[in-house]
Amino acid sequence: MTTTTGTRIRGGIGESVKRPDGIPKVIGNFAYASDLAADGMLWGATLRSPYARARVVRLDPAAALAIPGVQAILTQDDVPGRKTFGQITADQPVLVDGEARFWGEPAAVVAADDPETARLAVAAIDVEWEELEPLVDMEEALGRDEVFRYAPVRRGDPDATGTVVVEGYYEVGMQDQAPLGTEAGLAIPDGEGGVDLWVTSQWTHEDHDQIWRSLDLAPDQVRQHPTGIGGAFGAREDMSLHIHVCLLALRTGRPVKMVYNREESFPGHVHRHPARMWYRHEADADGTLVKVEAKIILDGGAYMDTTPAVVGNAVYFTTGPYRVDSVQVDGYGVRTNNPPTGAMRGFGVVQVCFAHESQMDRLAEALGMDPLELRKHNALTTGDPLPTTGQIIETPLPTVGVIEQLAAIPLPPPLDSDDPRRLPGGTGLTTTPDYVTRGVGYAVSLKNIAFSEAFDDFAEARVVLSPSGVEVHTAAVEVGQGMVTVLQQIARTALGVEQVAIVPTDTSEIGSAGSTSASRQTQMAGGAVLEAARAVRDLALEQAGGDDLTSDGVWRAGELVMTLDELCADGPISHHTRFRHPPTEEPDENGQGDLHADFAVAAHRAVVDVDAELGLVRVVQVDTAQDVGLVLNPQSVRGQIEGGILQGVGLAVMEELVLDRGIILNASFTDYLLPTFLDAPEVEMALIEEPSPWGPFGAKGMGEPPTISSTPAVVAAIRNATGLELNRVPIRPQDITGT
Amino acid sequence: MEIDRPTDLATALEALRQAPDATLLAGGTDLMVEINFGHRRPEHVIALRRVNELQEVDGTIGAGVTWARLEEGPHRALAQAARTVGSPQIRAAGTIGGNLGTASPAGDGLPFLVALDAEIELRSAAGSRRLRWDEFLTGPKLTALQPGELIHSVVLPEEIPARQEFGKVGVRNAMVISAVMACVVRYEDGRTRVAVGSAGPTTLRMGRAEEMISAEADPSAAALSEFQRLVSEEVRPITDHRSTESYRRHAAGVIARRLLERCLR
Chain Y
15 MTTTTGTRIR GGIGESVKRP DGIPKVIGNF AYASDLAADG MLWGATLRSP YARARVVRLD
75 PAAALAIPGV QAILTQDDVP GRKTFGQITA DQPVLVDGEA RFWGEPAAVV AADDPETARL
135 AVAAIDVEWE ELEPLVDMEE ALGRDEVFRY APVRRGDPDA TGTVVVEGYY EVGMQDQAPL
195 GTEAGLAIPD GEGGVDLWVT SQWTHEDHDQ IWRSLDLAPD QVRQHPTGIG GAFGAREDMS
255 LHIHVCLLAL RTGRPVKMVY NREESFPGHV HRHPARMWYR HEADADGTLV KVEAKIILDG
315 GAYMDTTPAV VGNAVYFTTG PYRVDSVQVD GYGVRTNNPP TGAMRGFGVV QVCFAHESQM
375 DRLAEALGMD PLELRKHNAL TTGDPLPTTG QIIETPLPTV GVIEQLAAIP LPPPLDSDDP
435 RRLPGGTGLT TTPDYVTRGV GYAVSLKNIA FSEAFDDFAE ARVVLSPSGV EVHTAAVEVG
495 QGMVTVLQQI ARTALGVEQV AIVPTDTSEI GSAGSTSASR QTQMAGGAVL EAARAVRDLA
555 LEQAGGDDLT SDGVWRAGEL VMTLDELCAD GPISHHTRFR HPPTEEPDEN GQGDLHADFA
615 VAAHRAVVDV DAELGLVRVV QVDTAQDVGL VLNPQSVRGQ IEGGILQGVG LAVMEELVLD
675 RGIILNASFT DYLLPTFLDA PEVEMALIEE PSPWGPFGAK GMGEPPTISS TPAVVAAIRN
735 ATGLELNRVP IRPQDITGT
Chain V
9 MEIDRPTDLA TALEALRQAP DATLLAGGTD LMVEINFGHR RPEHVIALRR VNELQEVDGT
69 IGAGVTWARL EEGPHRALAQ AARTVGSPQI RAAGTIGGNL GTASPAGDGL PFLVALDAEI
129 ELRSAAGSRR LRWDEFLTGP KLTALQPGEL IHSVVLPEEI PARQEFGKVG VRNAMVISAV
189 MACVVRYEDG RTRVAVGSAG PTTLRMGRAE EMISAEADPS AAALSEFQRL VSEEVRPITD
249 HRSTESYRRH AAGVIARRLL ERCLR
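Protein chains in written order, with the numbering used here: chain Y, 15 to 753; chain V, 9 to 273.
FYI, nobody ran anything at the bench for these hints, they're computed from the structure. Any given hint could be a false lead.
[Unchecked claim] Computed far set for chain Y versus chain V, every beta-carbon distance over 12 Å:
1. Glu130
2. Gly170
3. Gly207
4. Leu574
5. His589
6. Pro744
[As the list claims (entries may be wrong)] Dumping the calculated SDA-like pairs for lysine to any residue here, alpha-carbon to alpha-carbon at most 25 Å:
7. Y/Lys390 x Y/Leu644
8. V/Lys149 x Y/Glu277
9. V/Lys149 x V/Val41
10. V/Lys149 x Y/Leu644
11. Y/Lys97 x Y/Pro82
12. Y/Lys390 x Y/Asp74
13. Y/Lys39 x V/Lys149
14. Y/Lys390 x V/Lys149
15. Y/Lys39 x V/Pro96
16. V/Lys149 x Y/Asn680
Virtual Cβ for every residue (Gly too), placed ideally from N, Cα, C.
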């Protein structure tokens, strides 16, 4: 049987345990993937399509190969195994297969003695492109039936009518994850035909399963190792240079390193899906929602990536955390020649949340009702069916709680400063307080946690107790979010032993832990570590006949009966586990079923100062209340919430990849604008702890909700300040000035 | 790549005489980005940061003076502009000479120089010459700088009005390339000069708006809106990934009017 320690252990759950990577990152000692090196290493570089769609007329590497120091140039013909890759469907050629389908698609890769020679060789490749007409409009793509996934929801009476009807059309632009660390990898041949790969990844096993197929090797001939990642946010969920760098290493027999520069990083990973959404809400006069109808199109870009799963999320969270008896949705993910889209924090829910929260505000206005009262009146709670799929929600869902706790946070004082850093336009000195209007807006979101729709979602972990302490082996990837710390804390609390090391583990040493995404790793890798740690503790207690385990050893009735040395005299005590969350189902033809493993709600309130004449905005404060199940590490939770809110603010007012015929016009940090500290709002937060039925100690994943409803809250606040409709994010100055 | 690192002007000019097409490097905040993106690949670089003669800020402003120093300098509007350039690290490296050499319509230091009809002093081993700003800035990223020449300094007029204001409109509250920006200076006799950046192929002067408002000793609200309208009419912006032609037109008028209002206070 499982017991827990009676005494609180140092560095256990609930403490703001310091991150092991914190100080090294601040002082510049942390080894990111781009810092990797090996003796005799070559450098890779990539030839990319200059068009969103183009036919390769000629691609002749001979002249480039003749440059001294160039060791290999590979094209699609050189891919020995499966010629394509892709997480759900392998539809993307490893290198251009005659026709490039997005701007920046890799067409050839070079290995050379140094990065400069590699770059020169890329420029020297004799390539002729015939530009073809790109398909860049998502509605046109739908009209041509270029559909990656169609997902409908038909629930309740489609003919139900309310007395108040609100219709709206909404758009979301293409946001980039903009991880500061670009795509980077190092492949080292093992001398026996296989290869070891260190590469920026959120899910080593999923990559590995694609890589060995394209390399035409046995699975155990390819080992993918975790490495230092400078941000992910979904951008590291699909592969980038993984296969390329391995191909070059195997061809040359030497270690090969590739690092994308900033300009190629932008087309080098998937982005958030741009969306067009048509909504119709019908309600009774008292505000009770009667029906929600929606049509949602997501631009999936050139290849499938995770688009089908993103479409599912968008469709199944179309309505937000509100009870509705009739829901009719048609959701589409379409194929275009725009840059590929896939996973990004919020994963389809960001787009629909902007739409459903805009609709709720407009409905409140049409009803003459307070927008928060309308939301509370319809609030979804435990025991209700999810309005889209009909799944009965079993996890605690404090929708009313987050709204009320958010509203209880005091509002910031009125603008009383002429310090430009506190004003819209900031250091540009564009304005004075007399031109500024304040606005306040709210939004609420509902998000699934972990993988849905019958995906066999599991995480493996091995916990090993030896005299020197505890080792936790897992392939779960730390991407900067603090998972390593949280896993340590879980292991300490579960075992009672303070010395816990999280050991980087490659794909050959343990099974998959699943992706570091979908807000899932605290619950999944954390769940696996908890299960394995409890088993180790039980084994130890059983072996020693004790009732408690600490860093000293096993205790019985308050006396130490066996030290760790004695306990492990015959070797370490270890347990390996594969943790699964409650099973989920496939949707039926009407989108019905128990599709999701867990849910979380969050609410945001934004306070903005707007200079309406210039269309400039300063987001003053974004407050939040969020259900986190249980706070495992207060500082990490706060960090995730503040960072997530900043990403949501970015989508609301500045972050967008600007496209022209499928070409990104602002592929640099000069022009892809991320919020700076002067754009960062103050954040006050209320954390609600309603335990998850299956999260470790009741903890819930909490990385995505901060990004989801913060965007519509900021938009609502700008609407409140200006009286404008604002149906598109990001809001540009000209959307406010009307010029 | 060959790199010269002269520590005085004479040596720099001699290096430039021997390699007239060498790439000049000061703070590197433009050049290094271009090299990093593979847009330029200089064979020969002359690095000017150690040349003391380019560091003066007395009457003339040496081409090597950084934004960080200009932020603390005597010219209010130029200091305001300097504060908007990039991050502290960029301001510690980037120079006013680099801004002139790059000659981007979005050069943050240029509106102040243009409003004051500044002259640019160029030096070569053969001698020196001074060009008025509009002789020097010949187009977007184009200047009259000849091979063998370097930008020595900016020469400001003797009379510099105390009433001078700079403002920059961008989508982010710091570290942003402007959608549009302006500098307004007003002399005690009412003469007013307006320069607008990011709203044409080079930084532009607003001749009609200047003429109209210079005649107003104590501009009324109506005069201020007419001034705004004229600025919006006179700018020649384009639509690109940073903004639209019509927003830039509107915002140029608004920011110029607001800066004038501040000058009049």
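Which earlier hints can't be squared with this structure? 1, 6, 10, 11, 12, 13, 14
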